[in-house]
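What follows is each chain in one-letter form.
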Amino acid sequence: DVKVTQSSRYLVKRTGEKVFLECVQDMDHENMFWYRQDPGLGLRLIYFSYDVKMKEKGDIPEGYSVSREKKERFSLILESASTNQTSMYLCASRRDQPQHFGDGTRLSIL
Amino acid sequence: DQQVKQNSPSLSVQEGRISILNCDYTNSMFDYFLWYKKYPAEGPTFLISISSIKDKNEDGRFTVFLNKSAKHLSLHIVPSQPGDSAVYFCAVSLLGGGTSYGKLTFGQGTILTVHP
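For the protein sequence lines, the chains are A and B, in the order given. Just so we're aligned, residue 1 is where the first sequence starts under my numbering, counting upward by one. Just so we're aligned, residue 1001 is where the second sequence starts under my numbering, counting upward by one.
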């Protein structure tokens, strides 16, 4: 079974802080993804990576960056957290379809 | 501009009856279509998929129908069970090459409630 693990289920941070969300997968998948889920908006792609050190912007990359130093780990970075980044963040990985998701990190920015 | 739309935010169905969830997309280039189910406090789990060369795919109680000319996708659940109560997301993809390979675009989701 594919296992995608997100380091925190719940996180509370303050505006202006630099925030790191970590994701690890155990299936040697090339492709990894970060989404945010907001009510009425579905899942929106922030960034994705198709190989180590490679990254591509998704649909809403502003205010975020990513890091993929090892194949199994994909990190999402909020450079200077703002209240509009309060959301559910979901990581996914795949080799072929479908994508497999972690359980999400509910992030609150105060 | 939303490329994938699920126009019904919610659907309520009696146990044992059919649930039909709908999804519309705008780009005729999409060639792979998926449905995910999501329970609260969990990540989405893959349910069923269909490629553009087919118009129907069935897996147990779940059937996905694809109408390419109408750019419309639907998920049928028969019979519906209370454990099916969840948020359902449709997603579309391009299986072609390039760095966008396999990128998914999701609809807004439909909350399904199945009453005993």
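Since the hints were made in silico from the structure, they are not lab data. Even glycine gets a Cβ: it sits at the ideal position worked out from N, Cα and C. Mixed in with the good hints there might be a few duds.
[As the list claims (entries may be wrong)] Below, a list of computed lysine-lysine pairs in the DSS-like style, where the Cα atoms sit at most 27 Å apart:
(1) A:K3 x A:K55
(2) A:K70 x A:K55
(3) B:K1103 x B:K1056
(4) A:K57 x A:K71
(5) B:K1071 x A:K71
(6) A:K3 x A:K70
(7) B:K1068 x B:K1103
(8) A:K53 x A:K70
(9) B:K1037 x B:K1068
(10) A:K55 x B:K1103
(11) A:K53 x A:K3
(12) A:K55 x A:K18
(13) A:K71 x A:K18
(14) B:K1103 x A:K70
(15) A:K70 x A:K18
(16) B:K1005 x B:K1037
(17) A:K3 x B:K1103
(18) B:K1056 x A:K53
(19) B:K1054 x B:K1005
(20) A:K57 x B:K1054
(21) A:K3 x B:K1037
(22) B:K1054 x B:K1037
(23) B:K1068 x B:K1005
(24) A:K57 x B:K1005
(25) A:K13 x A:K55
(26) A:K57 x A:K3
(27) B:K1103 x A:K57
[To be verified] Not everything, but these chain B residues come out facing chain A in the computed CB check (under 8 Å):
(28) Y1032
(29) K1054
(30) F1089
(31) G1102
(32) G1109
Checked hints:
no. : hint              : in the structure
1   : A:K3 x A:K55      : holds, 22 Å
2   : A:K70 x A:K55     : holds, 13 Å
3   : B:K1103 x B:K1056 : holds, 22 Å
4   : A:K57 x A:K71     : holds, 18 Å
5   : B:K1071 x A:K71   : violated, 36 Å
6   : A:K3 x A:K70      : holds, 16 Å
7   : B:K1068 x B:K1103 : holds, 20 Å
8   : A:K53 x A:K70     : holds, 8 Å
9   : B:K1037 x B:K1068 : holds, 23 Å
10  : A:K55 x B:K1103   : holds, 13 Å
11  : A:K53 x A:K3      : holds, 21 Å
12  : A:K55 x A:K18     : holds, 20 Å
13  : A:K71 x A:K18     : holds, 23 Å
14  : B:K1103 x A:K70   : holds, 21 Å
15  : A:K70 x A:K18     : holds, 21 Å
16  : B:K1005 x B:K1037 : holds, 16 Å
17  : A:K3 x B:K1103    : holds, 20 Å
18  : B:K1056 x A:K53   : violated, 39 Å
19  : B:K1054 x B:K1005 : holds, 21 Å
20  : A:K57 x B:K1054   : violated, 31 Å
21  : A:K3 x B:K1037    : holds, 17 Å
22  : B:K1054 x B:K1037 : holds, 22 Å
23  : B:K1068 x B:K1005 : holds, 15 Å
24  : A:K57 x B:K1005   : holds, 22 Å
25  : A:K13 x A:K55     : holds, 25 Å
26  : A:K57 x A:K3      : holds, 24 Å
27  : B:K1103 x A:K57   : holds, 11 Å
28  : Y1032             : holds, 6 Å
29  : K1054             : violated, 14 Å
30  : F1089             : holds, 6 Å
31  : G1102             : holds, 6 Å
32  : G1109             : holds, 5 Å
Hint compliance for this structure: hints 5, 18, 20, 29 are not met, and every other hint is.
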